[in-house]
Amino acid sequence: MDKLFDKINGFIARFVHSEKLMALIRKVISKEMFLYLLFGVLTTVVNLAVFSLGNKAFDVLVSNVVAWIAAVTFAYITNKLFVFDSKSWAAKIVLKEVASFTAARLLTLGIEEIGLVVMIKWLHWNEALTTSFISGEMVIKIILAVIVVILNYIFSKLIIFRKKAE
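So in our numbering the end of the sequence shown lands on 247, straight run, no missing numbers.
The hints are simulated quantities; they were obtained by calculation from the structure and are not laboratory data.
Keep in mind that this is a model prediction, so the values were computed, not measured.
Among the hints, erroneous ones may be present.
[Stated by the list, open to error] In silico lysine to any residue, SDA-like type, Cα no more than 20 angstroms apart, as pairs:
#, residue 1, residue 2
1, K202, S133
2, K112, N90
3, K238, I215
4, K173, N90
5, K101, L119
6, K137, T212
7, K244, F165
8, K238, S167
[Claimed, not checked] Quick list of the computed label-pair ranges, beta carbon to beta carbon:
#, residue 1, residue 2, range
9, L204, V143, 17 to 23 angstroms
10, V143, D83, 21 to 27 angstroms
11, V198, I231, 41 to 47 angstroms
12, V146, R95, 17 to 23 angstroms
13, V146, S213, 27 to 33 angstroms
14, V227, S169, 28 to 34 angstroms
Where is the CB? At the ideal position from N, CA and C, for every residue including glycine.
Input sequences plus hints: build the corresponding full structure.
Structure, rendered in C-alpha cells:
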C-alpha cells in the first residue's frame, strides 16, 4: 500500500507545480485518509452490489440491511488491518472494536434507512431521479452512501480505532 500511495503522490506532484499546494494536498490526503477512501469506495461497491442484487428479490429496506451486513463485515476487516493499523487480535480488543464498530455502523444504518424512507417512500424523489441508466433508488443510495462514509470515518478515527497516547 505504501508504494501505491507514493505513486499516487508522485502522479499528483507532476501536475501540481506549487510546493505550497502540494504540501496542503499531502496534509489533507494522508496515507490513512487515502486508504480509508480506497477501502470506503470498495465497501460502497460491496454495499451497492449486494443492494442491487437484493433489490430485485426483496423490499428496498430489507435489501439495504443485507447489503449493510456484507459491507460492515468487509469494512471492519479492511479498516482494522489496513487503514487504522490495529494489529491486535486479543479477544478483549477485538470484542471492543467489533462492538463499537457495529454500534457506529448501526447508527449510520439508521440514518441511511431514515434517508431512504424519507426520500423514496415519502418524497418519491426516486421517480424524479430515475434515468435510462440508473434507478432513482440507486441515485439516492449513492447520495446517502457519501454521507455514511464521512460519518463512519469520524467514528472510526475518533472512537473505534483511536490510538492511545503514550
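Results for each hint:
1. K202 / S133: Judged against 20 angstroms, a Cα distance of about 18 angstroms means the pair holds.
2. K112 / N90: With Cα atoms ~10 angstroms apart, K112 and N90 stay inside 20 angstroms; holds.
3. K238 / I215: violated, 33 angstroms
4. K173 / N90: Measuring from Cα to Cα gives roughly 37 angstroms; hence the hint is violated.
5. K101 / L119: violated, 25 angstroms
6. K137 / T212: Between K137 and T212 the Cα gap is close to 18 angstroms, so the pair holds against 20 angstroms.
7. K244 / F165: holds, 9 angstroms
8. K238 / S167: holds, 12 angstroms
9. L204 / V143: 17 to 23 angstroms: 21 angstroms Cβ-Cβ, so the 17 to 23 angstroms window holds.
10. V143 / D83: 21 to 27 angstroms: violated, 41 angstroms
11. V198 / I231: 41 to 47 angstroms: Distance hint for V198, I231 is violated at roughly 20 angstroms.
12. V146 / R95: 17 to 23 angstroms: For R95 against V146, whose Cβ atoms are near 44 angstroms apart, the range 17 to 23 angstroms is violated.
13. V146 / S213: 27 to 33 angstroms: About 29 angstroms separates the Cβ atoms of V146 and S213, which means 27 to 33 angstroms holds.
14. V227 / S169: 28 to 34 angstroms: Since the Cβ atoms of V227 and S169 sit about 31 angstroms apart, the hinted range of 28 to 34 angstroms holds.
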